[in-house]
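Undergrad: Next come the chains, spelled out residue by residue.
There are 2 protein chains.
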Amino acid sequence: MLLNYQRKLITQLSIKKYRIQNRLFVAEGKKVVNELINSDWPFEILLSSEENFHPKAELLNLEEMERITHFKNPSPVLGVFVLPESQKIIAETTTIAVDNISDPGNLGTIIRLCDWFGLSELICSKTTVDCYNPKVIQASMGSIARVRCHYIKDLGASLTALKKPVYGATTQGDSIYKAKLPKEASYVFGSESHGISESLLSHLTGQLSIPQFREGGNSAESLNVANASAIFLSELFRSS
Amino acid sequence: MLLNYQRKLITQLSIKKYRIQNRLFVAEGKKVVNELINSDWPFEILLSSEENFHPKAELLNLEEMERITHFKNPSPVLGVFVLPESQKIIAETTTIAVDNISDPGNLGTIIRLCDWFGLSELICSKTTVDCYNPKVIQASMGSIARVRCHYIKDLGASLTALKKPVYGATTQGDSIYKAKLPKEASYVFGSESHGISESLLSHLTGQLSIPQFREGGNSAESLNVANASAIFLSELFRSS
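Taken in order, these protein sequences are the chains called A and B.
Going by my numbering, the residue at position 71 of the first sequence is 85; the numbering climbs one at a time, nothing skipped.
Going by my numbering, the residue at position 192 of the second sequence is 206; the numbering climbs one at a time, nothing skipped.
These aren't lab readings, by the way, just hints derived from the structure by calculation.
Please read these numbers as outputs of a predicted model, since none were measured by experiment.
Treat the hints with caution; some may be incorrect.
What the hints assert, rightly or not - Label pairs and their calculated CB-CB ranges:
1) A:SER116 with B:TYR165: 51 to 59 Å
2) A:SER134 with B:LYS45: 51 to 59 Å
3) A:GLU58 with B:VAL96: 52 to 60 Å
4) B:GLU77 with A:ILE103: 25 to 33 Å
5) B:HIS68 with A:THR141: 27 to 35 Å
6) A:ILE34 with B:SER207: 42 to 50 Å
7) B:GLU77 with A:LYS102: 45 to 53 Å
8) A:GLY230 with B:SER213: 35 to 43 Å
9) A:LYS140 with B:GLN186: 51 to 59 Å
10) B:LEU215 with A:GLU65: 45 to 53 Å
What the hints assert, rightly or not - Partial list, computed: chain A residues near chain B (C-beta under 10 Å):
11) MET155
12) GLU229
13) ASN232
14) SER233
15) GLU249
16) PHE251
Just so it is clear, CB atoms sit at the ideal spot from N, CA and C, and this is done for glycine as well.
Build the full structure now, drawing on both the sequences and the hints.
TA: Now the structure itself:
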């Protein structure tokens with residue numbers, strides 16, 4: 015049986031304010047919860063509608079899971095995990111940064127992409143959706159366990175302080191297929207609708223873009239930001 | 015004023031059965047609706063909460079838009095468009111096919127990617143989410159006006175009939191960075207959770223994969239299918 019205060023807590027954790035107040039966040043789905051547990055991420059509550067999921071998991075029926083899920087459909091597993099303390103940027107050779115990303119699915123898949131390409135941190139502007147939002151956690155498919163998101167107030171100054179070139183993905187930049195993409199550099203991706211913010215543009219060493227391949231007439235104005243990041247990361251690491 | 019039968023119709027069009035019965039689908043959002051109108055896509059109803067959107071648009075207040083939207087938040091523009099007749103596959107040099115994609119956002123962004131890379135058709139298995147689903151339309155960001163989706167019962171046989179090699183994106187295939195990727199070929203992407211279906215695997219000329227870059231220990235098991243398609247398309251066209 016889930017206690018009333020627990021049910022209330024889990025529901026509240028869909029909101030950032032309560033995640034910060036309680037220093038907790040919710041992860042749903044077997045894969046994500048398993049990845050967090052396997053990486054020794056501390057948890058407070060573990061619930062499952064399936065027996066034998068984990069020795070510490072409390073058994074709940076699906077109806078109860080339906081009452082607490084942050085999604086349309088409940089998953090058989092839900093965990094309440096401890097929000098980590100903020101850490102210093104370790105400054106890997108290649109740094110990926112996002113500016114003002116608002117869609118949780120986009121941020122989650124960018125975290126997953128960073129993981130795939132072997133990166134362990136992602137720099138986010140303070141205006142970017144919170145990485146402990148349940149939808150980000152779900153879209154990251156467990157990669158949140160390996161990619162630390164740092165939220166930074168002044169993205170431009172922080173990236174400049176890393177003392178390596180800062181490239182921005184824009185629609186007017188040099189073709190990524192022709193420009194030299196140094197491994198030791200930062201690459202910034204801007205918001206879905208407005209691109210990289212004005213104040214950040216002045217901090218860029220250069221602008222890069224994925225060329226359009228449709229000839230003549232109308233065509234797509236832009237790519238989805240997660241897809242654009244995927245292409246940039248592939249182009250950066252393909253010759254490793 | 016929206017008439018009752020129109021309101022009912024628009025609401026029903028969130029369901030595929032009613033889209034087929036009425037030969038109509040709904041598009042929401044200024045950009046998507048504009049792109050469809052600019053490509054001379056025939057429409058039945060055009061609604062806007064903003065004056066001067068289009069001479070044929072009926073003015074509706076936001077509350078009324080809220081009652082008919084297929085999304086959480088209404089957009090200022092909604093159009094009811096005519097479902098096109100099915101057409102023959104034109105068989106471009108490069109063919110992209112999707113097998114069993116269930117997430118509307120993924121299908122929509124794959125349509126947008128095809129548009130970006132200059133392709134005009136996408137072959138979908140019958141088990142793939144309907145491209146006239148409102149969420150697919152939205153995620154395609156208007157690219158549905160330039161990329162025709164063909165729904166095929168036997169994807170394997172149809173791709174084989176195109177008489178060019180058929181490559182599948184799998185987790186065990188040859189690295190796309192090392193293999194030769196012929197322009198004249200079909201490339202198939204499988205479902206988010208199960209990959210390419212068993213019956214289709216036997217029709218493949220070869221399997222290709224995006225190598226993992228994280229060394230040692232745990233890492234992401236797979237990439238989001240739209241991100242994987244983005245990387246494949248970039249790799250295919252980068253040397254054009």
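Undergrad: Each hint: holds or not?
TA: Checked hints:
1. A:SER116 with B:TYR165: 51 to 59 Å: Check failed, 32 Å falls outside 51 to 59 Å.
2. A:SER134 with B:LYS45: 51 to 59 Å: violated, 36 Å
3. A:GLU58 with B:VAL96: 52 to 60 Å: holds, 53 Å
4. B:GLU77 with A:ILE103: 25 to 33 Å: Given range 25 to 33 Å: violated, Cβ gap about 47 Å.
5. B:HIS68 with A:THR141: 27 to 35 Å: holds, 33 Å
6. A:ILE34 with B:SER207: 42 to 50 Å: violated, 33 Å
7. B:GLU77 with A:LYS102: 45 to 53 Å: Since the Cβ atoms of B:GLU77 and A:LYS102 sit about 49 Å apart, the hinted range of 45 to 53 Å holds.
8. A:GLY230 with B:SER213: 35 to 43 Å: holds, 39 Å
9. A:LYS140 with B:GLN186: 51 to 59 Å: violated, 41 Å
10. B:LEU215 with A:GLU65: 45 to 53 Å: With a Cβ separation near 34 Å, B:LEU215 and A:GLU65 fall outside 45 to 53 Å, so the hint is violated.
11. MET155: Cβ of A:MET155 sits 7 Å from chain B, so the hint holds.
12. GLU229: holds, 7 Å
13. ASN232: Hint on A:ASN232: holds, closest Cβ of chain B at ~7 Å, below 10 Å.
14. SER233: At about 6 Å, which falls below the 10 Å cut-off, the nearest Cβ of chain B leaves the hint on A:SER233 intact, so it holds.
15. GLU249: holds, 7 Å
16. PHE251: holds, 5 Å
When held up to the earlier numbered hints, the structure conflicts with 1, 2, 4, 6, 9, 10 and fits the remainder.
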